[in-house]
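Q: Sequence:
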Amino acid sequence: MNPFRRIGNPNTRLAAMMAALVALMVSASFAAVPLYSLFCRVTGYGGAPGVAAAAPDEMLDQMITVRFDATRAPGMPWTFRPAQRDMQLRIGEEGLAFYEASNPTDRPVAGQAAYNVAPYAAGGYFTKIECFCFTEQVLQPGETVMMPVSFFVDPAIVDDPDGRFVHTITLSYTFYEIDLPDGADAAVQARLEITPDSPATEAAAPTQIN
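Residue numbering for the sequence shown follows my numbering, beginning at 607 and increasing consecutively.
Simulated from the structure, these hints should not be mistaken for lab results.
As the structure is a prediction and not an experimental result, all values here were calculated from the model.
Each residue gets a CB set at the ideal place from its N, CA and C atoms; glycine is no exception.
One thing to keep in mind: the hints can contain errors.
[To be verified] Computed Cβ-Cβ distance ranges for the label pairs, DEER-style: (1) Thr774 x Met752: 21 to 29 Å; (2) Arg673 x Phe740: 17 to 25 Å; (3) Pro787 x Met752: 20 to 28 Å; (4) Phe771 x Met665: 14 to 22 Å; (5) Thr711 x Asp765: 43 to 51 Å; (6) Gly748 x Asp785: 15 to 23 Å; (7) Thr774 x Glu749: 27 to 35 Å; (8) Pro662 x Pro787: 30 to 38 Å; (9) Glu736 x Arg687: 16 to 24 Å; (10) Phe740 x Pro767: 28 to 36 Å.
Can you make the complete structure from the sequences, with help from the hints?
A: What follows is the structure, given as structure tokens:
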């Protein structure tokens with residue numbers, strides 16, 4: 607008997623190896639959400655938007671439409687949706703949009719949002735000023751919150767050979783459940799002091815979702 611002979615069906619071994627690899631990739635993706643978001647924010651990889659302290663002084667007459675999308679990762683118990691379907695604003699103008707999240711469970715749930723911008727050519731010019739996606743969020747049982755994101759489209763997009771043809775941008779978020787941070791049971795994490803009634807919301811005209 608050959609002592610080096612392999613035992614088992616090669617196809618069975620291959621299937622088992624592939625299943626283990628898929629499971630590892632899925633688990634790693636959940637663990638890496640905050641790091642991936644940071645990586646995309648810094649590098650612009652995958653059409654991820656940039657970050658700025660304020661909108662530019664320059665504002666063009668050219669209008670652009672921003673659409674908003676929301677999804678949840680498997681296992682995330684929240685409900686999550688954009689408060690507006692789309693928004694039209696001038697290139698260089700600051701926009702303010704909201705996403706609504708609710709925790710229908712009987713336990714605190716922490717989440718981290720991963721985000722992306724489409725088309726890819728617009729990723730480097732769609733710039734966020736403030737966003738709920740910059741930090742993890744904690745919702746208490748039965749809690750519903752309105753989470754703001756303020757942004758602008760850099761006027762430099764009109765000088766880009768590909769970006770100049772972009773007339774509609776889609777901002778997408780996916781919320782993943784993450785481990786509760788220390789002290790989450792005692793207090794909900796402080797959120798941005800911006801509400802849908804803030805004066806800044808009048809800067810652009812969003813389309814509300816009923």
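Q: Could you run down the list of hints and mark each one as holding or not?
A: Structure-based check of all given hints:
| no. | hint | result |
| --- | --- | --- |
| 1 | Thr774 x Met752: 21 to 29 Å | holds, 24 Å |
| 2 | Arg673 x Phe740: 17 to 25 Å | holds, 21 Å |
| 3 | Pro787 x Met752: 20 to 28 Å | holds, 21 Å |
| 4 | Phe771 x Met665: 14 to 22 Å | holds, 20 Å |
| 5 | Thr711 x Asp765: 43 to 51 Å | holds, 48 Å |
| 6 | Gly748 x Asp785: 15 to 23 Å | holds, 21 Å |
| 7 | Thr774 x Glu749: 27 to 35 Å | holds, 33 Å |
| 8 | Pro662 x Pro787: 30 to 38 Å | holds, 35 Å |
| 9 | Glu736 x Arg687: 16 to 24 Å | holds, 20 Å |
| 10 | Phe740 x Pro767: 28 to 36 Å | holds, 31 Å |
The earlier numbered hints are all upheld by this structure, with none contradicted.
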